[in-house]
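**Student:** Throw the hints in and build the complete structure from the sequences for me.
Residue numbers (my numbering), protein chains in the order written: chain A, 24 to 429; chain R, 10 to 176.
Please keep in mind that the hints were generated in silico from the structure rather than gathered at the bench.
This structure is a prediction, so every number in the text was calculated from the model and none was measured.
The C-beta atom is built at its ideal place from N, Cα and C for all residues, glycine as well.
Keep in mind that the hints are not guaranteed to be accurate.
Short, incomplete list of chain R residues facing chain A, as computed with Cβ under 7 Å [what the hints assert, rightly or not]:
1. D61
2. H62
3. V64
4. S65
5. T67
6. S87
7. N93
8. S118
9. F121
10. L144
11. L161
In case you want the letters, here they are:
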Amino acid sequence: MSNITTAPFTYESLSQLTMKEGVLELQVGPAHAGSGHMRILVWVEGDTVVKVDPDIGFVHRGVEKLSEDRLYVKAIPIVERPNLVDTVNANLGYIIALEKLLGLEAPPRAQYIRVITAEISRIISHLYGIAIYGIFMGSSTVFMWALADREPFIDIMEELTGARLTYSHIIPGGVRWDLPKDFGERLEVALKYLEGRVSDYEKIWMNNPVVRARAEGVGILSGAKATELGVVGPNLRASGVKCDVRKCAPYSVYSDFDFDVPTFKEGDSYARLLIRVEEIKQSISILRQALKNIPEGKIIYEDYYKRMTPLMKSIYDEKGRVKFTSLLTSLSPPKGQSFSRVEGGRGEIFFYLISDGTKNPYRFRVVTPSFRNLPYFTHVMPGHKLADVPVIYGSIDYFPPEADRR
Amino acid sequence: MLAETPHAQKLGLALGGSASVTEDQKAGLIEVRVEPKFLMDVSKKLKELGFDHCVSVTAVDYPRENYMDVIWHVSSYSNEELGNKLVSLTVRISRDEPRVGSLVGVWESSLFSERETHEMFGVEFEGHPDLRPLLLPEELLGKWPLRKDFILPKRRSDLFRKGGAQP
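**Tutor:** And the structure:
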């Protein structure tokens, strides 16, 4: 295996592929052979990957078309489904775009509750990413640990919203449920637990010689190239580009919080693991600040509260629960366009809406972070050993349903 | 709401006379509209100004007026000042012959999005290196599902509600 040179990446179509003798085409997936619901076409020469072609779309459901065919509120559960482990951020992004169209803003308490749920969702998403990375590198222990460590946070969200993953908690003008009385204490217990676990992860996983040998220096993407390819989220910051939408284009009340945007300059698979752990620490800090500073007040837009029926108002006053008014179900924003960018667990989620004044969106565009991280397959994997493919794949926290917009 | 704000004026000057620049203040979006023939020049200028990556490529179909808008949304990672701006670069093309130049040569990050827009709207991106289908199953290829004249089949729940179908 001495004189292997990797072909520079070209975009010729599959039928035009002319490969040298001794090049083998491998299909990873789509039956979830460690690929997720996608197929990765890998061409190898000996043990070295020369070309990779991601074949996605196996779980495409047409989120955009479905949403254009429905009322504005009915799109909320639809946008949550693609990012199944990070539903709050997708929900938040859509609602911010919708509120811009409607020309209203949620009250401060609702904004704080949104930030709290968004950060819990980010922790859940990062833990899931670490778990998948673990199983891809053959460590069932980390897989089990990280998945189990999501549970305290999922339980907290379940108590708040009644659902484990798909909360539909954020609605135009506010949120649906106020925080339960003991929410702060319960969250603090979970945060303390997680802090202890993070140091455990450092011992068993990050400072593990096997992990370091397999991940360090593997799958390097330089900052300049990452910018050119437009990758997003923790992967981008692991390449040294300091861009977090929460900081560079703040939305909701993120400008009230004091937090760092961790970056690493290495840009390899190991940095992409470390950055997730660092971001969990920042999320813990944001959550503590939010719990401390959360203001009192309404959790729904004042005008919507006024239009509630007396029964709805009594339920709101008694239980802190917002019942859906008929107004919410027949929203028809004025003609115009709006967009939103939010930082999800895996990166920037982009929404673009056009309203023609009717009850359905005229154009509904969503771009998810995994879709924008696709160049990792085409540009980063070639040149590595076949055994490095799962390492790189695990490190970018790629989630096929999200890329396909299931 | 469209206005010639200082931002828009500054960008308009930088791009020269071939583009009309307005800012949608309500949305916070800077809109650049160009003729198809100036698209390449304007996009190169935008990149020189620091808009280094493409967030999304999409199209909006207007069957009654018989045109489509192809929109590139671009932003910046390297320039902090531009990082909180989003610029939309819009080209209006005929629906009968939906052809427009590909900007993959300028923004490599638009590759997959342009592929998606091609299969969803039937927009031919001239000069795009790889316009294979990306997300759609075979039976929907060539039907351009995100166009407005592609009507979704009625949902079964709707049929029940109107009494139109038996369970």
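**Student:** Give a verdict on every hint.
**Tutor:** Status of the hints after comparison with the structure:
Among the interface hints, the one on R:D61 holds; its C-beta lies about 5 Å from the nearest C-beta in chain A, closer than the 7 Å criterion. A hinted interface residue such as R:H62 counts as satisfied when its beta carbon comes closer than 7 Å to some beta carbon of chain A; here the least separation is about 4 Å, so the hint holds. Below 7 Å, beta-carbon pairs count as interface contacts, and R:V64 has one with chain A at about 5 Å; its hint therefore holds. The closest approach between the C-beta of R:S65 and any C-beta of chain A is roughly 4 Å, which is under the 7 Å cut-off, so the hint is satisfied.
Taken as an interface hint, R:T67 checks out: its beta carbon lies about 5 Å from the nearest beta carbon of chain A, inside 7 Å. Here the hint on R:S87 is kept, as its CB sits about 6 Å from the closest CB of chain A, short of 7 Å. Here the hint on R:N93 is kept, as its CB sits about 4 Å from the closest CB of chain A, short of 7 Å. Below 7 Å, beta-carbon pairs count as interface contacts, and R:S118 has one with chain A at about 3 Å; its hint therefore holds.
At about 5 Å, the closest approach between the beta carbon of R:F121 and any beta carbon in chain A falls short of 7 Å, and the interface hint on this residue holds. The restraint placing R:L144 at the interface with chain A holds, with a minimum CB-CB distance near 4 Å, inside the 7 Å limit. Taking 7 Å as the C-beta cut-off, the interface hint given for R:L161 holds, the closest approach to chain A being about 5 Å.
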